[in-house]
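Novice: In case you want the letters, here they are:
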Amino acid sequence: METTRTKNEKIVYQRPASFRPAPTHYCPGCTHGIAHRLIAEVVDEMGIREKTIGVASVGCSAFTYLYFNFDFTQAPHGRAPAMATGIKRTLPDKIVITYQGDGDLASIGMGEIAAAAARGENISVFFLNNAIYGMTGGQMAPTTLPGQKTSSSPHGRDVEAAGYPIRTSEMLATLDGAGYVVRRSLHSPKEIRRTKKAIRMAFETQLRGLGFSMVEMLSSCPTNWGEQPADAMEWIKDNMVPYYPIGDFKVHPALANIK
Amino acid sequence: MAKELLKGNIAFAEAAVRAGVDAYFGYPITPQTEALEYLSDRMPGLGRAFVQAESELGAINMVYGAACTGRRAMTSSSSPGVSLMMEGLSYIAGTEVPMVIVDVMRGGPGLGNIAPAQSDYNHMIHGGGHGDYYPIVLAPANIQETIDLTYEAFELAEKYRSIVVILIDGSIGQMMEPAELPPMKPRKKQFPEWATDGCEGRPARFLSSIALDPPIQEVTNLRILKRWNKVRDNEVRYKTYYMDDARYAVVGFGTAGRISLSAVRAARAEGIPIGLVRPISLHPFPEQILDDLSKELDGMLVVEMNNGQMLNDVRVHTKDRLPISFLGRPGGMLPMEEDIHEAIKRLVEDPPPIGSDPRDRWFAEICKEKGL
Amino acid sequence: MPSKGRIEVSDFYCKGCGLCVNFCPKQVIRLAPDRLNPKGYHPAEQFQEGCIACGTCALVCPDAAITVYRFAKQPVAAGA
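Protein chains in written order, with our numbering: chain P, 1 to 259; chain X, 1001 to 1372; chain E, 2001 to 2080.
One or more of the hints may lead you astray.
Computed far set for chain E versus chain P, every beta-carbon distance over 10 Å [unchecked claim]:
| no. | residue |
| --- | --- |
| 1 | LYS2026 |
| 2 | PHE2047 |
| 3 | GLU2049 |
Among chain P residues calculated to face chain X with C-beta under 7 Å, some are [stated by the list, open to error]:
| no. | residue |
| --- | --- |
| 4 | ILE53 |
| 5 | ASN69 |
| 6 | PHE70 |
| 7 | ASP71 |
| 8 | PRO76 |
| 9 | ARG79 |
| 10 | ALA82 |
| 11 | MET83 |
| 12 | GLY86 |
| 13 | THR90 |
| 14 | SER107 |
| 15 | GLY111 |
| 16 | GLN139 |
| 17 | TYR164 |
| 18 | ILE166 |
Hints are computed from structural coordinates only; laboratory data are not their basis. Where is the CB? At the ideal position from N, CA and C, for every residue including glycine.
Only chain P is shown next, with the shape it has when bound in the complex (with noise of 0.2 Å):
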C-alpha cells in the first residue's frame, strides 16, 4: 500500500508484500484473512517467498491462489496433500504448503492427509476449522459442535445420527511421519500473535526435513454461524475452545531450540 509516512514517523505494521494488493472475496471479518495475512508475513520475514508453492483446496479458500504472491496450483476437493506431495517429492528444495478447509481436509481429504502425514511428507499444512461448511452455504461439517445448528443439521448435530465431530490435530500427532502438529485460534489478539509463531515453526519444520507440519487454526464463519464478526470471535472462544483444545500434539525434539 501507498505510504503517508513522514519523515518523522516510523512504520509499525504495514500490508506484507506477499500478500498480493487484490482486495479479498472472503466476507467481512472472516479469520481466513488473517490467516493468509500471518502467512504472507511469515514468509516475507523468512525471505522464502520466490521457492514457496502453494496449493489452494477447495471450499472458501478456492481462490487463495489469487491472493499470495508467490506459486501455487489448486487442487481437487481433498486433494491438496497429495498435489502437494507430487510437488515436493519432485522438486524436494522447495517449501510447498496446502491451505485448506474442515471440509477439504478432514471429510473428503481425509485420506490423503493421514497419508501424507503418515509418510511424513516434508510439506506444511494450514488447516482453517471453523466447524462448518462455508462456500457451499453453511452445511455441517466433520468438525460442526453436537448441537449446533447447520443448513444439514437444522435441528442441531445429532451425535446418534451423524456422529461426533473430529480432533484432526490429535489424530494426526499420533503418526511417526508427523513433526510439528499443533493447534492454534484466531479469536484474539494473543492468540494469533500465537499462531503466527506457530506458522512460522511449521515452515522451520519443512526447511530442516523434520517431517508433517501442520497448524489447525480455529476460525469463524460470521456468516453462515450468523453472528456478527467480534461475536464470532467470542463463540469461538465459548464453544470450540473447550471442544478443540489449543495446544501442541506433536513437536519434533529438534524444533526445541527455535526461538
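Start from chain P and add chains X and E according to the hints.
Specialist: Only chains X and E this time, still in chain P's reference frame:
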C-alpha cells in the same frame, strides 16, 4: 541394442524411465503391479521421485502436482483404479498440463476379475472424467509397441499439453516377449513458461482449472478443442495387414487385433480375401481409413474384448455403407483364433443386413451357447 | 495519554468488519458513520487522538487494510 526378454509391465516402466520420467506415483492393482514394484527401486536408484500413494486417488493427484511443475510425471493402474483417477484426469485436462497414464485393462464392471479386457475404451475416450476433454489414447498390441509408444508419450503429451493414455490389457502387461529397449534420454533442462516451480527471478504464476466466469470457461473449452483438432490432424496411427487385395477387413485393437491377425492368416490360407486394420491411436480414431475402406469393401468384422465399444466408432465412420458383424468377449475372456475364423467365414458366406446392429447375431449365438 | 502514533485504513481493502474497533485497546477507531467505500461498507477510521501504535488493529485485520505509524520521539529542548 540387443533384444531382451521383457514382461510387459516392466517394459513400459523402463521405457518411461528411459524417456526421462521425473516422477512416478502409483498404487498396487493387478495386473499392473509389477510396474510399481519395479519403479519402487529403479526411480530412487536414479534419484527420481517415486511414491506408492495411499490410493489411486492419491496417485493421480500427486501426478497432477508434479505435472504442474513442468516435470515429466506418470502413473499406471488398471480399470477399477482408473475409475478413481477420473476426477484427477478431468482436472489435469482442465488445467492443460501434460502427463502419461498406462491403463492395463481387466474384466469388469466393478471389481470384476484380473483377466485381460478392453472394456475401458469408452471410459478413456468417450466418458470418464467430467467435461469436454480429449486424451490421446494409444493401443499397442505387443511389448515392442508398448515400449515405443511409452517412450514417445511424454514428448507427445508436452507437444499438445495433453494427457496421453497407453491402453493395454492384462495379457500384454503380464506376458513376456523379446523386445528392444531404447537409449536413456537426457533429463529435461528447460521447463514450460506456465510451470509453477517457484517464482525465483520471475513473477509468480498459478495453475487452476477454475474459470468461474462462463465466458472465460467457454474460451478454455474452445482452446482445448482447437488443440485437439491439431492432434486429430497429425497423430492418427494404425497398421494394415493384407489390405491390398482384400474384400473384407477385421478391425481390432491391442490383443484382439493381434489374435485376429492369426485368424486373418488362416482365412487367407483358405482363399478368403481378408485383411486386418489395427488402430494404434484410438483417439484420434483412424476415421479416414475406415471411411475409405467402407466404400470399397464387402464387409467388416469388429473383434473386441468387451460388449462392443470401438464398434460404435467403426459404425459411425463407415456410415452404414457395408455389412458389419461383431465378435465380443467381455468380462476377461480372450477371443480365440478359431472363433474369429468362424466369424470371418460367416461374414463372407452370410453377411448381416446393412445397417443392422452388428451385435445381434453374435449376441443371440453367444447367449445360446451360455444358456442365457 | 498523548498519542504515540496513528493509523491509516485503506478504503480499498476495508470491509467494515469492525474487528479493529472491537480490539483497539484505546478505542480510537470507529466505522465511519457518514461515508461508504466503493464496496458499500462503512470503512474503519481513526477518529480521535490516543493511538499508542500497538498494532493490535493491524494484527486482527483480515484484509491487511491498516498501516500503523509510530511518531518519532521528539528531541527534548535544552533548558526545558
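Novice: None of the hints should be skipped; say for each whether it holds.
Specialist: The hints, checked one at a time:
1. LYS2026: Per Cβ check, E/LYS2026 is outside 10 Å of chain P; nearest 13 Å; holds.
2. PHE2047: Holds, since 17 Å exceeds 10 Å.
3. GLU2049: Given that every Cβ of chain P is farther than 10 Å from that of E/GLU2049, nearest at about 15 Å, it holds.
4. ILE53: 6 Å, holds
5. ASN69: 5 Å, holds
6. PHE70: 5 Å, holds
7. ASP71: For P/ASP71, the interface hint holds, since the closest Cβ of chain X sits about 4 Å away, which is under 7 Å.
8. PRO76: 5 Å, holds
9. ARG79: Cβ of P/ARG79 sits 4 Å from chain X, so the hint holds.
10. ALA82: 4 Å, holds
11. MET83: Since the shortest Cβ distance to chain X is 3 Å, the answer is holds.
12. GLY86: The hint holds - P/GLY86 has a Cβ within 7 Å of chain X, the shortest such distance being about 3 Å.
13. THR90: At about 4 Å, which falls below the 7 Å cut-off, the nearest Cβ of chain X leaves the hint on P/THR90 intact, so it holds.
14. SER107: 14 Å, violated
15. GLY111: 6 Å, holds
16. GLN139: 20 Å, violated
17. TYR164: 24 Å, violated
18. ILE166: Result: violated, 18 Å to nearest chain X Cβ.
The structure fails hints 14, 16, 17 and 18 (numbered hints given earlier, in ascending order).
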